[in-house]
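**Student:** Now for the letters of each chain:
There are 8 protein chains.
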Amino acid sequence: MTLIEAQVLLDDFRADRATREQVLQAFQAAPLADLGYAQVDTHRSLRQGFPEVIYGAGKTPEQVAGIAEKILERETCVLATRVTPDHARLFQSRFPEAVYHAEARCLTLEKRPHPKRSGTIAVLCAGTSDLPVAEEAAVTADIMGNRVERLYDVGVAGLHRLLARLDLIQQARVLVVVAGMEGALPSVVAGLVSRPVIAVPTSVGYGASFGGVAALLGMLNSCGSGVTVVNIDNGFGGGYAASLMNALAAGE
Amino acid sequence: MTLIEAQVLLDDFRADRATREQVLQAFQAAPLADLGYAQVDTHRSLRQGFPEVIYGAGKTPEQVAGIAEKILERETCVLATRVTPDHARLFQSRFPEAVYHAEARCLTLEKRPHPKRSGTIAVLCAGTSDLPVAEEAAVTADIMGNRVERLYDVGVAGLHRLLARLDLIQQARVLVVVAGMEGALPSVVAGLVSRPVIAVPTSVGYGASFGGVAALLGMLNSCGSGVTVVNIDNGFGGGYAASLMNALAAGE
Amino acid sequence: MTLIEAQVLLDDFRADRATREQVLQAFQAAPLADLGYAQVDTHRSLRQGFPEVIYGAGKTPEQVAGIAEKILERETCVLATRVTPDHARLFQSRFPEAVYHAEARCLTLEKRPHPKRSGTIAVLCAGTSDLPVAEEAAVTADIMGNRVERLYDVGVAGLHRLLARLDLIQQARVLVVVAGMEGALPSVVAGLVSRPVIAVPTSVGYGASFGGVAALLGMLNSCGSGVTVVNIDNGFGGGYAASLMNALAAGE
Amino acid sequence: MTLIEAQVLLDDFRADRATREQVLQAFQAAPLADLGYAQVDTHRSLRQGFPEVIYGAGKTPEQVAGIAEKILERETCVLATRVTPDHARLFQSRFPEAVYHAEARCLTLEKRPHPKRSGTIAVLCAGTSDLPVAEEAAVTADIMGNRVERLYDVGVAGLHRLLARLDLIQQARVLVVVAGMEGALPSVVAGLVSRPVIAVPTSVGYGASFGGVAALLGMLNSCGSGVTVVNIDNGFGGGYAASLMNALAAGE
Amino acid sequence: MTLIEAQVLLDDFRADRATREQVLQAFQAAPLADLGYAQVDTHRSLRQGFPEVIYGAGKTPEQVAGIAEKILERETCVLATRVTPDHARLFQSRFPEAVYHAEARCLTLEKRPHPKRSGTIAVLCAGTSDLPVAEEAAVTADIMGNRVERLYDVGVAGLHRLLARLDLIQQARVLVVVAGMEGALPSVVAGLVSRPVIAVPTSVGYGASFGGVAALLGMLNSCGSGVTVVNIDNGFGGGYAASLMNALAAGE
Amino acid sequence: MTLIEAQVLLDDFRADRATREQVLQAFQAAPLADLGYAQVDTHRSLRQGFPEVIYGAGKTPEQVAGIAEKILERETCVLATRVTPDHARLFQSRFPEAVYHAEARCLTLEKRPHPKRSGTIAVLCAGTSDLPVAEEAAVTADIMGNRVERLYDVGVAGLHRLLARLDLIQQARVLVVVAGMEGALPSVVAGLVSRPVIAVPTSVGYGASFGGVAALLGMLNSCGSGVTVVNIDNGFGGGYAASLMNALAAGE
Amino acid sequence: MTLIEAQVLLDDFRADRATREQVLQAFQAAPLADLGYAQVDTHRSLRQGFPEVIYGAGKTPEQVAGIAEKILERETCVLATRVTPDHARLFQSRFPEAVYHAEARCLTLEKRPHPKRSGTIAVLCAGTSDLPVAEEAAVTADIMGNRVERLYDVGVAGLHRLLARLDLIQQARVLVVVAGMEGALPSVVAGLVSRPVIAVPTSVGYGASFGGVAALLGMLNSCGSGVTVVNIDNGFGGGYAASLMNALAAGE
Amino acid sequence: MTLIEAQVLLDDFRADRATREQVLQAFQAAPLADLGYAQVDTHRSLRQGFPEVIYGAGKTPEQVAGIAEKILERETCVLATRVTPDHARLFQSRFPEAVYHAEARCLTLEKRPHPKRSGTIAVLCAGTSDLPVAEEAAVTADIMGNRVERLYDVGVAGLHRLLARLDLIQQARVLVVVAGMEGALPSVVAGLVSRPVIAVPTSVGYGASFGGVAALLGMLNSCGSGVTVVNIDNGFGGGYAASLMNALAAGE
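Residue numbers (my numbering), protein chains in the order written: chain A, 44 to 295; chain B, 44 to 295; chain C, 44 to 295; chain D, 44 to 295; chain E, 44 to 295; chain F, 44 to 295; chain G, 44 to 295; chain H, 44 to 295.
Please note that a few of the clues may not be correct.
Stated by the list, open to error - Chain A residues, not near chain H, derived (Cβ > 12 Å throughout): (1) 98; (2) 101; (3) 112; (4) 118; (5) 120; (6) 151; (7) 156; (8) 159; (9) 160; (10) 171; (11) 188; (12) 190; (13) 224; (14) 237; (15) 295.
What the hints assert, rightly or not - In the DSBU-like style, the derived pairs of lysine-lysine whose C-alpha atoms are separated by at most 30 Å in a straight line are: (16) 102(F) / 102(H); (17) 102(D) / 102(A); (18) 102(A) / 102(H); (19) 102(C) / 102(B); (20) 159(B) / 113(B); (21) 113(G) / 102(B).
The hints are simulated quantities; they were obtained by calculation from the structure and are not laboratory data.
Just so it is clear, CB atoms sit at the ideal spot from N, CA and C, and this is done for glycine as well.
Produce the complete structure using the sequences and hints provided.
**Tutor:** What follows is the structure in C-alpha cells.
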C-alpha cells in the first residue's frame, strides 16, 4: 500500500465509501511499515548522502553496471566493492568519470564532489598484505564524505613505526585498525587513544591463522577498551561504521 | 623517569652538569612514553571524566574495595564490574554512598552527580535472560555520563514488541544491542536506524549455542550495515564503546 | 495503540476531530503490527489452544508459579519446561491439579481435559539416557493436544527392537526421533516411513561426542529424506514442531 | 526371498515337503524385511507419486541420463539435482520434454502434468545470493505435487520488504526459509506464523560465516517455536520435508 | 513374536487353522528379525561367554545391582563399568563374591572361573594418569576370557622404558595402547609389531589437549600401519574390541 | 652397524683386538635396534608376505615406478595407493603384469599369485560415492592375501538392502565398514555380528559434513561394541588392519 | 639387561661360555637402550643438576611427599608443580626446609643453595591474572639454576609500562612472555629484542577467549621473529625451556 | 625526529633558543623510540649479521628482486622464502651469485661467505613429505651463520632409523624437529636430549589431520620437556629461533 493508496482509503472511509473494519484490515494486511519504507529510505538518503552499496563478488560486469545505472537515476554517487579488473573495464566504458581503486577492489563514482565532514578517520594496517582490506575501508569512508588518514605497515613487531605517527593517531576521531596474523594492533592502538577503535581482522597469515580466525579472536579478546570488531576481511563494514560514528561527531 | 626528573636533567644539561649524549641516552633508556603516561592519563581523565575500571571476577571483596579506595584518592567516581553480593556487602560497608546494581553485577560510586551528555544511548536486549549483560552495558554507559534508554525483551520472534518502540530506537544516537541464542536482533535493528549499532552476544542458550558462539557468529555476519561486535557477555565493553561514540557526538 | 484506540482515532477522523495526517502519523508511530499482536495472539490461541511456554531453567520456583498464574488468567492450560523438584513442589502447592513429569522435567496443568487430535505422534529414543529429552517432547506434544506413542530404547545397534515395532512406526503421522552418541536412529527411521521425521540430538555420550555435536552432525547429514533437525536436547522444540505438523494433518 | 518363493515354501511345508525348522531357518536367513522391500517401495510410490532422486554432483552427464532412463521405465516423473549445463544439454537431447531449471541447478521431467495438492508451500529467501538454494527447494516441492509461492530477497535488515508480504506468508501451510550470513530470517518468520518453518542455511557469506556454519547455528538456536533445520545448502531436503508435511495437510 | 508363537502359527497353518496370507502377514508385521533376537543373543552368549555390560555412570547403586541381578539369572558373569565406591559398596553387600576394581572403576563377578584363551592381549599406557582407562581395558579383556599383560608408564618421552619390554610387546596377539596428551605411543608401538594395535586416547592433559582431542587426532593420523582407534577414555571399547580379535586368533 | 660389523667386533673382542668397553660403547653408539631392523623387516616379510606400501599422492609417475622397482628386487608383490591414470600408464608400460584398479586408485603387482587365507573379510559401503574408499580397502586386503567379500550400497536409510545380505555379513571374520554423511552403518552392522568391525569414515557429503568429520564423530561414538575407527578416507588403513586381524584368525 | 649383566655376558663370550649368536640375540632381546638409560639419566643429572619434576594435580598430598622423598634419596633438589595448600601443609611438615610458592602453586626444596648461572631469564606477564602461570615459569627457572627478572603487568594496552622497562628487557638472555586474552605481548616484545622469546598463553579471559585458544593462536601467528610457543597455562614448560636455552648460553 | 634534529634541539635549548617546555613537548610529540629505531636496527645488524627476510608468497618476481636489491645496498646477505621457480629465474638473472634452494622454496645470496658459529643445529624430519618445511628451516639456519646437520625420514613408526643417528642427535646444540600427521617425533627426540627442541608441525596428512592441526596439537601437548612450538609449516620460524638460541650458545 503506497502513501497515495493510504490517503485514498482514508478519504473513502470519511466519505463512507469504506467501513472502519475495512480500514483496519487494510492496514493490517499491508502493514504500515511499508509506508515507512520510502520514508526511511529518504531520511537515510538525506542524512548520509549515501545509497545502497553494490557487492560485486559473484555478479557479472554487466550486472554491476546495470545496478549502478539504476541507483544513479536518483542518487549522486555509487560504490561497488569486491570488483575485478573485468568489472572495472566495462564500468568505466559506461561511466568514464568512475574511479577504479585497484588495491581496494572498489569502483566509485560521484556526480559532483561532496564536501567532506570535519574530523578525520584514521585507517591503520599492520602489514602490507592487509592493504586491500585497509584500502576498502578507506575508500568506503572517503566516498561517504569523510577525510581519511592512511597509516600503513605499522605492525606491533616494530613499535617505533607506530609511535612515530602518534600525533596523527591521536588526532583522529575514529580509527579503523586492520590486521591479520595475531591481530594485536587494535589493542595497542586502543591504549594510545580515547576514541572508538574499529578492528578489522584479515585472512592474512598461514597455518594456525585459520583464514583470519586467530586475528578475529585476538581482537574480540582485546584488552584495550573501546574496541569493537567486524567480520574477517570486512573493510567495507569497518569504513561504513566509522563513517556513521564520524557523522555523529559532525553533529549530523 | 618522572616529569620532575626530566626537567632536572634538562636543567643539568643547560648548566653543563650533563652532556648532550647523557640526555639523549637517558631519554632512550627510560623512554619518553613514560612521561607521556601521566599526560595521557590526565588527558583521558579530563576528557572522559572516567578512571580505570575494576574487574571484580577473581578478586576478593577486600581487594575490590582496596583498589576502589586508591582510585578514589584522585578520581570522583569508580566502577566495578562482575561483582558478587559478597563484594557488594563489604564495599557498601566502606562506601555507604555506593550503589550495588545486582542485576548488572556492578558497583558504582559517584562523589557528586555528573551532568549527563545530551543524546541517548539505547540498550536493547532480546530476552529476559540477556538482562545481566544488558544492564552491565547500561550501568557502564550511565556512570560514564550518558543518558540511557532501556528497551528489553524485544527479540525478533515477536517483531511487534520491537516495532512498538520504533520512535525510541530511531531517536538514539548509539545503540547497544544485546542478544543470545541466534543473535539476530542487531541485524534487524541496524535495518531500522542510521546510527552505530554495537552488538553484544551473550552466552544465553543451550545445545548448539556453544556458550555464545552462535550469537557471536550471527552478529559478525550481520547483513545490516554499521554493526560492530564485542566479546561474548561483554556488556561493559559495549557500554564503554557506546560512551566513546556518544562523547564524539557531544563534541568532546 | 490498542484496537480500541485505533477505532476511536478513525471515528475522530471521520467526525473531523482528527486530520488525515494525524491518522497516518499515528499508524506510522505506533506501527499497526502492534494491533496485529493481540490478533495474532488470539488467532494462535484459537487455532492451537496453546499459550506461551515457561522455560524454567534459571527462574526461581516463585517466578515460575507467578508467570503460570498470569497465563492462567486467560488461558486454559500451561506448560513449564526444565523445572526441578523444587519448582514442582511450590507449583503443586499452588495448583494442586498440576502434574509434575519428573523424567521430562516438565509441569503441566489443564483446567479441563482437551480433546486430542486424530492421528498419533510417535516419539522414539535410542537409549535409556535419552529418556528425559524424549519425555520432554512427548509431554509437549501431549499437552498441545496430540495422541503420543512412545517407543523407547530402540537404538540402531539392536535393530530387532526397532523392527519389532514397525507397525506403530508406520502408523504415526509425525515422528520425533531422539538420539545421542552417533545419532543414527533418525536415518534408519526415515528409511522406513514416508512421514516427516524430526530429529532431536541429545548430549548423551562422552569423549568425542562433544556434548551432542556428534549426534547433531549425524542428523544434519542424514541420508534419509524428510529429516529435519532441532537443537541439542531440545525435546520441547521437537514436540512443538511435531504438533504444528499434526495440526496441519488434522485440517486445522 | 521373493514373495513367490515364500508362498512356495509355505505350500511345501503344508504338503510336508519341508520341515518347520526349514521354514523358520529360511525366514531367518533371508529376512522377511526383504519381502517388505517391494511393498514399501510400492507404498511409497503410490502415496507420494515420487521416485528416487538423482544427485548429479560427481556423476557424468551420461550417468545422470542413464539413471533417469531407468527410473522412467516405471515412473512418471524424475528429478535430478545439482546438475550443470553439461548435464542439461545431454539430458534434454535425450528427453526433449525435460525442463532445465538453471538457477536451481535441477532437471525435471513429468510424463504428464500432475494435479497439485491444495495449500501452498512458501519458499522465502533472505538475499539474492541464496537464490540457487531457494530455487532447489521450490523446484523440489513443485515436482512433488505442491503449489509453491516464492518470496525472495526479504532479509531481516529491511523488515518492510518482509512485512509487505505478510498475507502470503500467513496463508502458507508450510514455509521453507532459506538464509545465509547470520541466518536470522527463520526466527522472524516463525514469530509471524503458526505453521511449520523449515530453515535452510546457505553457505553464502564470507569471513566468519565459515561456509554456512554461522547461519546453521543461528537457525538451530532460533528463538522462534516450530523451526526445524536441514543441512547447509540442502534446498532439496527442505523442499522434500515441506512436501511430506503438506501431504499430511492434504489428508494423504 | 516368540519362537514358540512362530512354531504354533506354522502348525496352525499346516493344520489349516491359518491361511498362507495370515502366515506371511504375521511375519511381516512382527518381523522375523525378532525371532533372530534370541538366537543372536544365545549365539553371542555361547561364542563369547559374555552378556550385556552395565554402564554405571548416571545410574544409582540400586539400579546397577538390580540390572546385575537380572543378568545373573541367565548368565555366569557380569561386568559394570564407570562405577563409584558407592556403587561398589552396595554391590558387594549383595554379591560378596564380586570384585571391585577401584582404579578401573569396574565391578566384575564370575560365578565360576572361566578358562582363559591362549595368547595374550597387551595393555600399554603412556603415563600414570592414563591408568584408569588402561585398567578399564584390562579388566574388560580379562573378564571376557583373555590373558592380559599390563605395561604401564612406557610413554615415548622415555623410550628406554618401552624398549626394555620389547619381548612382551612382540609376543602379544593384540595390543591396546592407551595415551593422553599427544597420543604418540600407538605410532611407536605399531612400528615395533605386526599385530593389531587398538589406540585409546585419554582426556589426560591440559590446555590445548582439549579433553583428549589432541590425543585422538594424533592417533587417527598415526603413521603406523594397523592402528585403529576408539573414543576418548573408552577403555571398555578398547578391551572389548581386543577380545573379539583375540577370539578370532583362538579360532572361535 | 650392520650384522657383519657386529660379528666382526665380537670376534675382535674375543681375540683381544678390542676391549669390553669398546664393545659396549659401540653397541650404545650404534644402537642395537639397528641390527634389529633387518630382522624385524624379515620377520614382517616372512609372516605377512607384505612389503612397504607406496603412497602415490604427491609423487611423480617416475618416482612411483622407481620405488616399485626397488621393492620388487627383494619382494614378490607391491601395492601403490592414491595413484592417478598418469601413474598407471607409466607403471604398466614398465610392469605389464601390473593391475590398475581405477576405482580404488591403486596399482598392484604380484610376481606370482599368492594363496589366500581361509576366512573372508567383508567390505561394506553405504553409498556409491563411498566406493573409491571401499575399493582401496578391498584391494589392500586382497593383495595382502585375504578373500574379500564386497557388499556395496547397503546404507542404513534402506535397511532391507543390508538385511538381505545378512548371511554374508555374519559369515565374515572381519568387517570393514565404509560410510560418509552421518556414518551410521558401522553401528548397525556391529549390532548384527560378533566380529571386529573397522569403521572407515569418508569425506562424502556436503554442508555440515565438514569433509568427513560428521561421519568420523558418528563412528567414534558408535553405540555398537567392537567398533574401531581409522582416519577419514583411509581405506588402505582399514584394509591393512583387517588383514592383520584375519592373519591372527588364520593362526599366523 | 643391566650394565653388569652385559659385562658378564661379554666375559662369558670371551671365555667361550657363550656363543656369538647368544650375545647378539641378548642385545636384541633386551635392547641396549636399556643400558643407556642409567647413562642418560646420570648425564642429565650432571649437566642440568635437575631431576624429575612432580606434577601435583590429581595426586594426593601423601603421594607428592612420597615421590619427593624417593627423589631426594639421590638428588639435591626437588620441584613439585600444581600443588594446593593441602599438598603444601603435609609437605612442609615432612620437609621443613621446603618453600611453598603459593602464587606459583609450586613447592621447591634445595638441600643446599645452588650457584646461579650468569645471565638472566626475564619473565614478563600482561595482566595480574596471568601471575600464577608467570610465577610457575619463574620458580621453575629459578630452581633450575637461573637468575630470574620478573616484569609483571606490562600488557600492550598500556605500552608506556612496557617501554619503561626496556633496559631490563634488552639485557635478558631469554624471555618468557606470559599473556592471556589476545596474547599480543610476545609479538611486541620480540620486536624489541634479538633473543629467544618463549610465549606462554594463559586461559585468562572470557567469552571468545575459549580457555586460552585466542591467546595461543595469537602467539602461533606472531609477526615477531624468534617466538616459540608452549601449551596453554604451561608456565613450567616455559621456564624449563628457558633454562635449557640459558644453560646453552652459559656454555654448559 | 631524527638524531640530528634531537641534537639540534638540545643545542638550541642550551643556547636559550628553545624553552624546557619545548624540548619536553618535542620528545613527547615525536616519541624518542623513533630515535631508538636506527639504533635497534644497527644493534640487530651488528649482533646477528642478518637483515629483514623477504616473504615471497603473494609478491611478484619483480617485487622480490626489487626488495632484495634495496636490502643489498646496505647488507651483505639476503634471504627470500616461499619463492617459486618464476621468482628464482628472474632473481638469478639479476643476481647470478644467488642460490635457489628448490626443495626449500628459498633464495639466498651472500656477498661473501660468512664464518659459521661453532656448534650444530640439527634439523630432523619425520617423513619425506615434510622435506620442504625442514629444508626451509635448514636453509634459514645456514644463512644465519650456523652449521646444520640434516636427519631426514626418521619418523617414530620406524624407531631404529632414529636411534641409528643417536650420536648426531645428542651432539646438536639446538634441534628443529619437523613432523606432520600425528607430530610425535619432537616428544621422542626431547626424551633423548637435554637441549632445546623446536617443534615445527607440517600440514602433511589427510582426513582428520586438518591441515596440520593434529600435528600442532600433538606438539603443544608433548610429554617431553623443553619442547617449544612454531606455527604450522613455519620452517623459517623454526630455523630463525634455533639460530637465536645457537647464537646465545656461541656467547654472542
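**Student:** Hints numbered earlier in the text: which of these fail when held up against the supplied structure?
**Tutor:** 10, 13 and 21
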